[in-house]
Amino acid sequence: MSHPNREQLDALAQEQLAAYGGRKLSVKERLAIPAQDMPTQDPAERVLNMSEVATGYTDAQVVVESLRCLQCANAPCVKGCPVRIDIPRFIARAAEGDYAGSVAVIKESSMLPAICGRVCPQEAQCQLTCTVGKSLKSIDKAVNIGRIERFVADWESEHHARKNPEIATPTGKKVGVVGSGPASMTAAADLRRAGHEVVMFEALHKAGGVLVYGIPEFRLPKSIVQEELDALYAMGVKIERNFLVGRTAKVTDLMEREGFDALFLGTGAGLPKFLNVEGENLIGVFSANEYLTRSNLMRAYDRNKAGTPLYGSHKVAVFGGGNVAMDAARTARRLGAEEVTIVYRRTDEEMPARREEVAHAKEEGVRFLYLHAPLKIVGDEKGRVSHVELITCELGEPDASGRRSPVEIPGSEAMHEFDTVIVAIGNDSNPLIEKTTKGLDVNRRGNIIVDEETCATSMKGVYAGGDIVLGAATVILAMGQGRKAAKAMNAFLADGGATA
Amino acid sequence: MFTILDKRKLSAEVFRMEILAPNIARERKAGQFVILQQGGDYAERIPLTIADADPEKGSVTIVFQAVGEATHSLGMLEPGDAIENVLGPLGQPTHIENYGKVVCVGGGVGVAPMHPIAQALKQAGNDVRIIIGARNKDLVILEEEMQAIASELTICTDDGSYGRKALVTEPLKELCETWKPDLVVAIGPPIMMKFCTATTRPFGVPTVVSLNTIMIDGTGMCGGCRVSINGKTKFVCVDGPEFDAFAVDWDNLLMRLGTYKPQEQEAHHRCHIGLQIKEGEA
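Residue numbers (this note's numbering), protein chains in the order written: chain X, 1 to 500; chain C, 1001 to 1282.
Same shape as in the complex, but just chain X (with noise of 0.2 Å):
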């Protein structure tokens, strides 16, 4: 495959800035202008370091990626978007070379436009409805809203135009954040633009949540999630780290004790699934969280300096057809595993990663093994994983959530040879904090149950949002229930706790 660089997808943008750019078009033009393609590392450099993949846009490219849109005045791309951001707005503004504008507009809603614009599954989301996409009848030809997004913030924090939001006047209130995800960081923020003294405890010794821990340093960069975190601080938040609410103090410590007039609980779903298959406990299995958190938390990547130990792969075996699997693979594959294979018990279609990632995944030789389910894992003398049985499946009538459910066909198994297996097929809610706190409603599936206006939980003063409510969802998923928590919290609190 050739690998177009940075340069010659600049020069095509010039050439067609130069056709288009200036005047104003009309549908049709617009309709024709092919969509721009995001300038990447080549693969071959890019399994030999850590640094991010996408390179985003030159100036031209946002540009004329920009003009793509139609300004539909119904524009279905914001229904598509979970915290409903003014798309068209923000796109007119980049298509006029307006980053500050641009970029103003994307914060009136979101408050993490340059990691959303990186992680966010576009294609299911704001893309999936863009009239562009429908138009040319392909959802790669709809209007890369991401790429244009992470543009236009990457922009602020290159030109350092970022401004702190104004501070009100001191409530007298003190607020405890649990946890500093993504849902946190946002639900942060809005409490303390409302005046309200902060605290955010976090267990791990860096905060970020799984934007540091989880997504790896070659699809976010840590020195954004940094720049997130420091923009916090300037704005009086505090973090606590090292600071297990469970364990180094109950929920209700908190509240009764330290003080906190009100809680929001933003912990996510942390726990790992396993497979249950026999071998599960050999050395060599790894949970895709200890294997990125390793990687990306303990820097153990960088093999000379890290103190954390990574285990010696050469042919790895990724379960699960998600971005962590994703992230799993293309890390295993850049630490030096000669051949990793994702195992997905689905096809290609049905895989729930982002289809740029799935895309990215295959250009670094990631091979791609579907309809395949593990039965068993087989060790060696010393209790190393020297193969895992595999059987073929074949996929039967769709589930209740509509996804057509694999069928093991009988007679199909088999040996493979792997050294390493990474099991990512999903998480659940961490139970510690229900099982320490008394009163607080969770469901069967251990996630706090919420009103879904206000997401205020069953105890009085105590909130909470993101995936320790949804499961593993999404960042923007996260950031809006941290916003529409953070609202309702501010409301409960400027009543003096009235409103329960």
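The hints are simulated quantities; they were obtained by calculation from the structure and are not laboratory data.
It cannot be assumed that every hint is accurate.
Using 25 Å as the maximum straight-line C-alpha spacing, the simulated DSS-like pairs for lysine-lysine come out as follows [what the hints assert, rightly or not]:
hint, chain 1, residue 1, chain 2, residue 2
1, C, Lys1234, X, Lys250
2, C, Lys1029, X, Lys438
3, C, Lys1057, X, Lys250
4, X, Lys435, X, Lys460
5, C, Lys1122, X, Lys250
6, C, Lys1232, X, Lys435
7, C, Lys1029, X, Lys435
8, C, Lys1261, X, Lys382
9, X, Lys273, C, Lys1234
10, X, Lys376, C, Lys1057
11, X, Lys141, X, Lys435
12, X, Lys382, C, Lys1194
One side of the interface only, derived from the structure: several residues of chain X facing chain C at Cβ under 10 Å [stated by the list, open to error]:
hint, residue
13, Ala73
14, Pro76
15, Asn242
16, Glu280
17, Asn281
18, Leu282
19, Glu290
20, Leu297
21, Pro309
22, Glu434
In this text, a Cβ means the ideal position worked out from N, Cα and C, and glycines have one as well.
Given chain X, work out where chain C should sit, using these hints.
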């Protein structure tokens, strides 16, 4: 940051440190542990049992053996220095009640985490007998503290340089035969706990062990510490660290501890040079 209030060298490679950590000191119960990270962004997170705590002073005490890079660099710190990250208390507390007659067995540096448990058992009204095992005389730690708790204290060394020349399983077997304890608690190297389990099993004496597996976060989010308990996967950091010894798959546990052996040996060699500990001294 967590300031080191006091540091003592208990033996050639074993250090005791008192750390200012008021939140942990207030909440911790016998059997719980902390995860500690020190030495910058690239440093490892390591689990260490809380050997003691003083809620009034706001301090917790850890005892550790300098066995790898992280514990060696910790051993270089002095009172007044600070440890960047200490998370805790973690894990389930020991279930303490009046069982009657209890034998506590501690091997090597495992004697330190044994201390608060033995103390709590004694306070709950148990008659506590204690067996301490060490490779040699220089490695025997906390003898006085244990003497204060135990109605009978037996010290064993591998080379006979102090106390009885025996493995801890010898006196343990004798006590099972003659004294008939109601509970045995064993903490030490996994191989010692495995053999303690084999010793008490024929007598049917309920036996509790505190497992020391590989850990990263210590909060249940990775499963690096998982063990097989009665054929079911459990996470030592949240479901443990203590388990019914008869339910543990010891062979799997011992195997899994060897996951990073090649990397650890290399690092061990490097840091011994740093602490100027001679090979074979500890």
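The hints, checked one at a time:
For the hint linking Lys1234 (chain C) to Lys250 (chain X), the alpha-carbon distance of about 23 Å falls within 25 Å, and the restraint holds. With a C-alpha separation of about 20 Å, the suggested pairing of Lys1029 (chain C) with Lys438 (chain X) holds against the 25 Å cut-off. At most 25 Å may separate the alpha-carbon atoms for a hinted pair to count; Lys1057 (chain C) and Lys250 (chain X) meet this at roughly 21 Å. Proximity of Lys435 (chain X) to Lys460 (chain X) is assessed by CA-CA distance (about 18 Å); at most 25 Å being required, the pair is judged to hold.
For the hint linking Lys1122 (chain C) to Lys250 (chain X), the alpha-carbon distance of about 28 Å lies beyond 25 Å, and the restraint is violated. Distance check on the hinted pair: Lys1232 (chain C) and Lys435 (chain X) sit about 21 Å apart at the alpha-carbon level, within 25 Å; holds. A C-alpha spacing of about 17 Å is found between Lys1029 (chain C) and Lys435 (chain X), which places the hinted pair at or below 25 Å, so the restraint holds. Taking the CA atoms of Lys1261 (chain C) and Lys382 (chain X), the gap is near 12 Å; set against the 25 Å cutoff, the hint holds.
Between Lys273 (chain X) and Lys1234 (chain C) the alpha-carbon distance is near 12 Å, which keeps this suggested pair within the 25 Å criterion. Simply put, Lys376 (chain X) and Lys1057 (chain C) have alpha-carbon atoms about 52 Å apart, too far for the 25 Å limit, and the pair is violated. Straight-line distance between C-alpha atoms of Lys141 (chain X) and Lys435 (chain X) comes to about 48 Å, which puts the hinted pair past the 25 Å bound. Proposed proximity of Lys382 (chain X) and Lys1194 (chain C) is supported: the alpha carbons are some 18 Å apart, at most 25 Å.
Nearest Cβ of chain C to the Cβ of Ala73 (chain X): about 46 Å, over the 10 Å cut. The hint is violated. Taking 10 Å as the C-beta cut-off, the interface hint given for Pro76 (chain X) is violated, the closest approach to chain C being about 38 Å. Interface hint at Asn242 (chain X): satisfied, since its Cβ lies 4 Å from the closest Cβ of chain C, which is below the 10 Å cut-off. Contact between Glu280 (chain X) and chain C, as hinted, is supported at the beta carbon level, the nearest pair being about 7 Å apart and thus within 10 Å.
Taking 10 Å as the C-beta contact cut-off toward chain C, the hint placing Asn281 (chain X) at the interface holds, the least distance being around 5 Å. Below 10 Å, beta-carbon pairs count as interface contacts, and Leu282 (chain X) has one with chain C at about 8 Å; its hint therefore holds. Annotation: Glu290 (chain X) was flagged as interfacial toward chain C, and the flag holds, the nearest CB pair being 4 Å apart, inside 10 Å. Annotation: interface hint on Leu297 (chain X) holds; nearest CB of chain C at approximately 8 Å, less than 10 Å.
The interface hint given for Pro309 (chain X) holds, since its Cβ lies 4 Å from the closest Cβ of chain C, which is under the 10 Å cut-off. With 10 Å as the threshold, the beta carbon of Glu434 (chain X) stays out of range of chain C, its nearest partner Cβ sitting at about 12 Å, so the hint is violated.
Hints 5, 10, 11, 13, 14, 22 from the list above are not met by this structure, while the remaining hints are.
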